[in-house]
Amino acid sequence: MRRRLMLLAAAAAIAPLSPAFAQQRPAPPAAQQPARPPAPTQGRAPPTVGEVTVTGQGQEVRTSVDRRSYSVTGDLQATTGSIGDALRNIPSVDVDVQGNLSLRGDPNVTIMIDGKPSAMFSGEGRADALQRIPADQIERVEVMTNPSAAFNPEGTAGVINLVTKKARGVGASGTVRAQYGSHGRYMASGSVGYNSKKLSLSGDLGYRHDKNHGHLEDTRSRTDAATGHTIFQSTQVGDFYGAGDFWNGSAGVDYDLDDKNRLSGRANFFDQDFANRQYNRFTGTSIAGPVGFHRVGGATSLFNNKEVSGSWRRKFSGEEHELVADTSFERGVFRGHRFYQTFGRAGGLPDLFEDLNGRFVQQQTELKIDYKRPLPDEAKLNLGYNLQYDDNDYDNTGSRGPSPTALTPDVQLINHFLFEQQIHAFYGTYERPFGEVTAKLGLRLEQVLVDLTQVTIGRQDENDYFRAYPSVHLGYKLSDAQQLTFAYSKRIQRPQPQELNPFRFYQDEFTFREGNPGLEPAETDSFELGYQYRRAQTFYLATLYYRARENEATDVIYDLGGGAFLSRRENLGSSRNGGLELVANGRLNPKLSYNVSANVFWAEIEARNLGFASTRSGASVSGRANLNWQVTAKDFVQFNLFANGKQLLPQGYREGTGMLNIGYRHKFTEKLSATVMAQDVLDTFKFNLVLDTPTLKQRIEQRQSQRGVFVGLSYAFGGPSRRRQPEGFDFGGPAPAGPQ
124 MRRRLMLLAA AAAIAPLSPA FAQQRPAPPA AQQPARPPAP TQGRAPPTVG
174 EVTVTGQGQE VRTSVDRRSY SVTGDLQATT GSIGDALRNI PSVDVDVQGN
224 LSLRGDPNVT IMIDGKPSAM FSGEGRADAL QRIPADQIER VEVMTNPSAA
274 FNPEGTAGVI NLVTKKARGV GASGTVRAQY GSHGRYMASG SVGYNSKKLS
324 LSGDLGYRHD KNHGHLEDTR SRTDAATGHT IFQSTQVGDF YGAGDFWNGS
374 AGVDYDLDDK NRLSGRANFF DQDFANRQYN RFTGTSIAGP VGFHRVGGAT
424 SLFNNKEVSG SWRRKFSGEE HELVADTSFE RGVFRGHRFY QTFGRAGGLP
474 DLFEDLNGRF VQQQTELKID YKRPLPDEAK LNLGYNLQYD DNDYDNTGSR
524 GPSPTALTPD VQLINHFLFE QQIHAFYGTY ERPFGEVTAK LGLRLEQVLV
574 DLTQVTIGRQ DENDYFRAYP SVHLGYKLSD AQQLTFAYSK RIQRPQPQEL
624 NPFRFYQDEF TFREGNPGLE PAETDSFELG YQYRRAQTFY LATLYYRARE
674 NEATDVIYDL GGGAFLSRRE NLGSSRNGGL ELVANGRLNP KLSYNVSANV
724 FWAEIEARNL GFASTRSGAS VSGRANLNWQ VTAKDFVQFN LFANGKQLLP
774 QGYREGTGML NIGYRHKFTE KLSATVMAQD VLDTFKFNLV LDTPTLKQRI
824 EQRQSQRGVF VGLSYAFGGP SRRRQPEGFD FGGPAPAGPQ
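Under this note's numbering, the first residue of the sequence shown carries the number 124, and numbering increases by one thereafter.
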């Protein structure tokens, strides 16, 4: 009942934003608005926090006071690879071997598509989605490290918004693509679109067959805190071989009822069918004697995600005076099956067979009402309400026995967990120029209701909270070519559902994981000071940033004895980090263009409750570089390099890694082209993690088959028409220029 009352209250609260209310208070005609005397400019252009666009070959950059937008249409990795491949070329964005994404070293990032959150890019399936979904439908990537209060505050590092390709031109058009690569990987995709004066239709369909080989080495040692003697040490070596089929598609329609009303609808789906074979060898010694086992088996996973959405946009008199209502429903279903045989167990124990099944359902419903209107003195007001409702169901079962025909249910493997969350948000932003400075102030109020039900152990928990999230953005235009910006926002990182599940998960005989229903959201105060310079096709950006975080959550490793370890998520207290981000784009000559970026950052983590005598701190450097060479009118070569330095973690550090990619494209005609992409040319992409505490030392080395060569063909027909994009995302603006 309490939940239903909240929904009714929200419905009543948004009533003032209805079209009827908006029409009762129209913007006054321009002739009746009081004239605002121009501020003295001393020969300079008036201040602005609007769009700055740098065009040219390669990575086109657009900036505003609260975001940066990077074109990926000229990136050959984006035309042949996954979304994860494309994101690796965005300044300060890192996607590791496992598909885990971070921004400026922080993994707590919210991913949106066209300004809307997606359940597909949250939770346990996010890494798979980033590595499997093709990037050829993405036009730009918006990075918002300090979003305004109009955006969801989820993600302490910020928001990455994937902007899909826009409609241009009139009539029918489309593109078909095909690619084949090393290790038996191949893909095919196609897109079609139609535009008329009132109607826009679009459709995309893609298929990808992927294979993967991974190798893991894990060494551990445990020391007695009192004596300093080693009481346990082990080595685990594992290999897995996987292959799968992945489908993705979408369909969209936009229809203008008249010159003031537009209706839009869209449907998306992603389907995954993946299977792998695994082999692990675990050996070790403890004060009680030898421990170890050999484990072989396999796993299959089926994942299907569907989303439908609709919107209504109503324009009123005057510029930027409109009401937009958006609603969407997304449902993802995952089914996984694993079967293992454990043999050669220390102590002469008999073979053990395990049959594990998991199913989880993620459902997300969203409603958003957004109202914008201009005010006197060139001011702008934005008010809105946003409801997000999550309803997740996780059901795991498992059996064990001495043979495949003698399996019995095991209580360590049976677990049913329900997660329900409502987020009610009211927000407002106010933007206005004050002489040479333009300010954008915002406030977001959120009431969050969380219900947790651990059905298996009969436990129920509630985790409700209310928070306020202010934001401040300032822009000062030094000249036509130079601008200073300042930004502040308060951000939050909510725990993932399984991080709240109190059930102790069995992974193998020596590895367990447990959720924490009392886990609180982490809060971050984020500050930035930026300087940007642009002239013609040259663009420089320097950003100083600082983030102070409270209630930060991280994995803490506990020793259960006998070589077994438990991983549990805990709130550690506080941490601080900051750094300097540099971005430069430009041309060396008419045929060569470049875009480079670097991030130098420092972090300090409160570690006294992890067994350390004091806080831990460290610095790191990461960078990206692209060189675009238009050899001839038909031949284009691209070199892409990124490198990430050693990164501090609460109980250790992650070693540095990097990758070099080389791409070549040849245009046979204006419509037909071929692409050759060599990925991870130097075979340097890896994932090495080190835990180094006074009593526990662990080193994990993981590599996957990233190295390869891919050959593709692309054919375009019709005009350059694509789906029309709703206003309000990516600043509008002209079509980006790519390699010719």
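By construction, these hints were calculated from the structure, which means they are not laboratory data. One or more of the hints may lead you astray.
Claimed, not checked - Restricting the straight-line Cα-Cα distance to at most 27 Å, the calculated cross-link-like pairs of lysine-lysine (DSSO-like) are:
| no. | residue 1 | residue 2 |
| --- | --- | --- |
| 1 | K438 | K334 |
| 2 | K320 | K495 |
| 3 | K429 | K334 |
What the hints assert, rightly or not - What follows is a set of in silico ranges between Cβ atoms, one per label pair, in the way DEER data are often shown:
| no. | residue 1 | residue 2 | range |
| --- | --- | --- | --- |
| 4 | I537 | G741 | 38 to 44 Å |
| 5 | L568 | V832 | 49 to 55 Å |
| 6 | V754 | H306 | 52 to 58 Å |
| 7 | R627 | L715 | 30 to 36 Å |
| 8 | S697 | W370 | 52 to 58 Å |
| 9 | Y364 | D394 | 18 to 24 Å |
| 10 | S344 | L530 | 43 to 49 Å |
| 11 | D396 | G441 | 49 to 55 Å |
| 12 | D394 | G441 | 43 to 49 Å |
| 13 | N427 | G641 | 40 to 46 Å |
| 14 | F650 | A411 | 51 to 57 Å |
| 15 | Y599 | T358 | 55 to 61 Å |
| 16 | Y364 | N427 | 22 to 28 Å |
| 17 | K503 | A687 | 54 to 60 Å |
Using N, Cα and C, we set each Cβ at its ideal position, and we do this for glycine too.
Verification of the supplied hints:
Our distance criterion of 27 Å between C-alpha atoms is broken by K438 and K334, whose separation comes to about 49 Å. About 25 Å separates the Cα atoms of K320 and K495, which keeps this hinted pair within 27 Å; it holds. The hinted pair formed by K429 and K334 meets the criterion: a straight-line CA distance of about 24 Å does not exceed 27 Å. Range check, I537 to G741: Cβ separation about 42 Å, and the 38 to 44 Å hint holds.
A hinted range of 49 to 55 Å for the beta carbons of L568 and V832 is consistent with their spacing of about 53 Å. Our hint of 52 to 58 Å for V754 and H306 is violated, since their Cβ atoms are close to 29 Å apart. Remark: the range hint 30 to 36 Å for R627 to L715 is contradicted by a beta-carbon distance near 57 Å. Checked against the hint of 52 to 58 Å, the pair S697 and W370 fails, with Cβ atoms roughly 44 Å apart.
Remark: the range hint 18 to 24 Å for Y364 to D394 is upheld by a beta-carbon distance near 22 Å. Separation of S344 from L530 is about 35 Å and departs from the stated range, judged on CB atoms against 43 to 49 Å. Checking the proposed 49 to 55 Å range against D396 and G441 shows it holds: the Cβ atoms sit about 52 Å from each other. Evaluation of the 43 to 49 Å hint for D394 and G441 yields a pass: the beta carbon distance comes to about 45 Å.
For the hinted restraint 40 to 46 Å between N427 and G641, the CB-CB distance of approximately 33 Å leaves it violated. With their beta carbons about 52 Å apart, F650 and A411 fall inside the hinted range of 51 to 57 Å. Distance hint for Y599 and T358: a CB-CB separation of about 58 Å, consistent with the stated range 55 to 61 Å. The supplied range of 22 to 28 Å is met by Y364 and N427, whose beta-carbon atoms lie about 24 Å from each other.
In this structure the supplied range 54 to 60 Å holds for K503 paired with A687, their Cβ-Cβ distance being about 59 Å.
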